[in-house]
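**Q** Single-letter residue listing:
2 protein chains.
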Amino acid sequence: MKILIEREPLMNSIQNVMKAISSKTTIPILSGIKLEANDQGVKLTGSNSDITIESIIPVEEDGIVNIHEMVPGQIVVQAKFLPEIIRKLPDHQVEINVDSDLNLQIKSGHAEFKLNGQDAEEYPQLPVLQTDNSFDLQIDLLKMLIRQTNFAVSVSETRPILTGVHLKLENDLLELVATDSHRLASRKITMNDSEQLTFNNVVIPGKSLSELNKILDETQETIQVSVTDNQILFRTKNLYFLSRLLDGNYPETSRLIPNQSKTVVKVDSKELIESIDRASLLAKDNRNNIVKLVTKGQNTLQITSHSPEVGQVEETLETDSIEGEDLKISFNAKYMIDALKAIDSDQVSINFTGAMRPFVIRPEEDDEQILQLITPVRTY
Amino acid sequence: MKILIEREPLMNSIQNVMKAISSKTTIPILSGIKLEANDQGVKLTGSNSDITIESIIPVEEDGIVNIHEMVPGQIVVQAKFLPEIIRKLPDHQVEINVDSDLNLQIKSGHAEFKLNGQDAEEYPQLPVLQTDNSFDLQIDLLKMLIRQTNFAVSVSETRPILTGVHLKLENDLLELVATDSHRLASRKITMNDSEQLTFNNVVIPGKSLSELNKILDETQETIQVSVTDNQILFRTKNLYFLSRLLDGNYPETSRLIPNQSKTVVKVDSKELIESIDRASLLAKDNRNNIVKLVTKGQNTLQITSHSPEVGQVEETLETDSIEGEDLKISFNAKYMIDALKAIDSDQVSINFTGAMRPFVIRPEEDDEQILQLITPVRTY
Chain Y
2 MKILIEREPL MNSIQNVMKA ISSKTTIPIL SGIKLEANDQ GVKLTGSNSD ITIESIIPVE
62 EDGIVNIHEM VPGQIVVQAK FLPEIIRKLP DHQVEINVDS DLNLQIKSGH AEFKLNGQDA
122 EEYPQLPVLQ TDNSFDLQID LLKMLIRQTN FAVSVSETRP ILTGVHLKLE NDLLELVATD
182 SHRLASRKIT MNDSEQLTFN NVVIPGKSLS ELNKILDETQ ETIQVSVTDN QILFRTKNLY
242 FLSRLLDGNY PETSRLIPNQ SKTVVKVDSK ELIESIDRAS LLAKDNRNNI VKLVTKGQNT
302 LQITSHSPEV GQVEETLETD SIEGEDLKIS FNAKYMIDAL KAIDSDQVSI NFTGAMRPFV
362 IRPEEDDEQI LQLITPVRTY
Chain E
2 MKILIEREPL MNSIQNVMKA ISSKTTIPIL SGIKLEANDQ GVKLTGSNSD ITIESIIPVE
62 EDGIVNIHEM VPGQIVVQAK FLPEIIRKLP DHQVEINVDS DLNLQIKSGH AEFKLNGQDA
122 EEYPQLPVLQ TDNSFDLQID LLKMLIRQTN FAVSVSETRP ILTGVHLKLE NDLLELVATD
182 SHRLASRKIT MNDSEQLTFN NVVIPGKSLS ELNKILDETQ ETIQVSVTDN QILFRTKNLY
242 FLSRLLDGNY PETSRLIPNQ SKTVVKVDSK ELIESIDRAS LLAKDNRNNI VKLVTKGQNT
302 LQITSHSPEV GQVEETLETD SIEGEDLKIS FNAKYMIDAL KAIDSDQVSI NFTGAMRPFV
362 IRPEEDDEQI LQLITPVRTY
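So the sequences go chain by chain: Y and E. With this note's numbering as the guide, the letters of the first sequence map in order to residues 2 to 381. With this note's numbering as the guide, the letters of the second sequence map in order to residues 2 to 381.
Chain copies aren't distinguished; within one or between two, either way the pair holds.
Below are the PhoX-like pairs computed for lysine-lysine, each with C-alpha atoms no more than 25 angstroms apart in a straight line:
#1 Lys293 to Lys108
#2 Lys115 to Lys297
#3 Lys297 to Lys89
Source of the hints: derived by calculation from the structure; they are not laboratory data.
Work the whole structure out from these sequences, hints included.
**A** And the structure:
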């Protein structure tokens with residue numbers, strides 16, 4: 002095997018597949034990157050028990066030559082040092098040679114590395130995903146869907162199913178839901194070309210979505226999403242991102258969302274974020290990060306927190322409007338800030354149903370596409 | 002006590018004095034910042050057992066008003082939350098009020114913090130430094146002196162005196178030396194106005210110099226340096242940085258520096274740094290970070306390292322010249338990179354005296370002002 006390749010696309014591909022490689026793997030060969038050279042180009046593969054990523058460097062793309070010389074072959078090389086080695090090479094071209102004893106030689110300028118390779122035949126065969134359950138999404142939209150929901154997955158393994166994002170497609174409506182049982186994030190979009198495709202109980206591990214979001218650039222190009230019973234595949238021209246799905250039944254979450262409200266607050270989102278952020282400075286000292294919100298008079302909110310050892314903070318916030326009953330409620334400041342940032346709207350509407358019931362945050366110009374729900378805490 | 006002050010200079014002063022505050026202090030009141038308001042302005046003090054920093058915010062400076070209102074007084078306030086609180090305040094002005102019960106109120110825009118204060122009378126009296134041993138230095142020069150020597154102090158407490166930088170002034174020649182017994186960094190400058198001032202065995206803790214370097218901006222303004230038997234004071238118009246000195250006698254280091262050489266290599270510094278950096282990528286896997294340097298023919302250096310598990314790397318480097326005996330030598334890659342970066346010269350001259358003797362690196366245009374010495378390791 003021999004490759005004479007540009008350093009930059011090689012570096013990008015290595016960084017992509019590194020997202021799937023864990024230093025703690027129990028299968029030693031999976032701590033390596035698989036390199037395959039064939040007539041189409043160079044394919045790199047990284048994998049762990051949850052995610053497999055393939056990144057393809059085509060010989061030529063958009064008139065730019067990536068690969069100048071190639072003799073087909075394959076090898077597995079230790080991933081630990083590879084990104085640093087390639088990044089620090091002196092020349093923009095890299096020559097990779099593999100001999101019959103699995104020695105990998107990397108040459109660039111006056112630098113020459115010799116690394117011990119492993120036989121690519123020992124690398125696990127990756128499952129070939131067979132499904133007709135495919136739909137296309139714009140990549141920037143997919144990234145937004147991930148950002149708006151994935152932060153709310155559970156980080157605790159007590160209910161493993163909650164560590165994933167629930168995906169549902171029905172009647173051209175795609176819905177993502179994440180909840181850690183204290184808060185819930187929901188985002189819907191209308192699909193134009195899902196072609197009667199329907200699925201439910203597809204639960205993608207939150208970590209998979211985080212890595213996918215890091216790899217994908219913010220573009221308007223599309224990505225193909227294919228779903229089977231136990232795996233999901235995201236595929237672009239040069240990237241193949243396969244994740245296992247979580248086992249088990251995702252809880253029915255729609256009944257958690259209150260369909261009425263007793264107090265409705267409309268407020269500037271940025272001002273609310275900043276006020277809660279300041280109030281939570283002292284709340285963090287208690288390790289529970291709880292702030293208290295109280296309606297004051299016509300259009301004023303008061304946000305307070307208290308730490309016996311340090312002191313207290315009081316924020317006064319003018320809202321656009323407060324309608325309905327007076328309210329005193331306490332909640333986790335971080336949940337509120339996460340939710341407001343996910344909604345990413347200038348003005349938000351918060352719908353409360355009393356001090357002990359979950360409350361719902363939506364953009365003030367509600368198009369029913371995004372919803373954040375937070376369960377308050379009892380402090381009175 | 003009352004202050005109406007601009008947020009930005011207050012923030013800067015807090016950040017400066019925070020450099021002296023340790024959360025692990027055994028004297029509880031030293032986990033706080035002392036605030037004093039008087040007619041000159043507002044003075045903040047932070048201190049630990051090694052360093053005391055005072056930062057003064059004048060009422061007005063360069064025509065800009067920092068302090069709009071003031072009622073004199075003093076208080077000690079918990080340092081832990083103060084930087085974040087002040088940084089996140091909504092308005093560019095901050096009002097601070099202290100009542101007779103030591104409650105501190107911080108108001109800005111619609112935000113109001115109430116913090117528990119402590120009696121400033123309980124804050125330790127700081128020693129007043131009395132000395133005529135003072136000289137002036139340009140601040141950017143002082144920062145360079147610190148950068149070029151301080152990295153070489155020992156991080157081990159087995160010989161505490163080596164954790165400091167040795168300062169010596171004699172015949173208008175100021176010399177700084179740091180060594181951890183494996184390497185040595187020396188920098189001299191000629192003083193014009195040291196007025197027959199002479200001192201020796203002034204050893205400043207490396208940590209103090211690191212913090213001082215962080216606080217000082219890169220300017221051509223001067224700083225006054227005053228030395229006593231057990232303390233050193235760095236003073237600018239609005240900053241007062243006092244450090245204890247290390248006890249004990251600093252070793253005589255001048256005899257360590259070889260005055261002859263058997264092999265002299267002149268080489269491009271940046272190329273050498275990059276080659277050693279790449280060679281050390283695999284050397285780090287051994288945890289000793291040792292690379293081997295071998296002269297090859299007329300003007301060529303070969304730099305190699307080897308990790309049994311990962312592989313090996315070989316760098317070929319064209320030098321400007323190699324004079325004298327052939328050489329094979331091994332050394333710590335990090336020490337070499339630190340030394341080359343400290344010298345900060347395009348071309349360097351490396352003087353070797355055999356494989357087992359310390360070698361010396363100087364700028365190729367040697368003005369005898371800077372010298373870096375490294376002890377090789379035995380690998381043959």
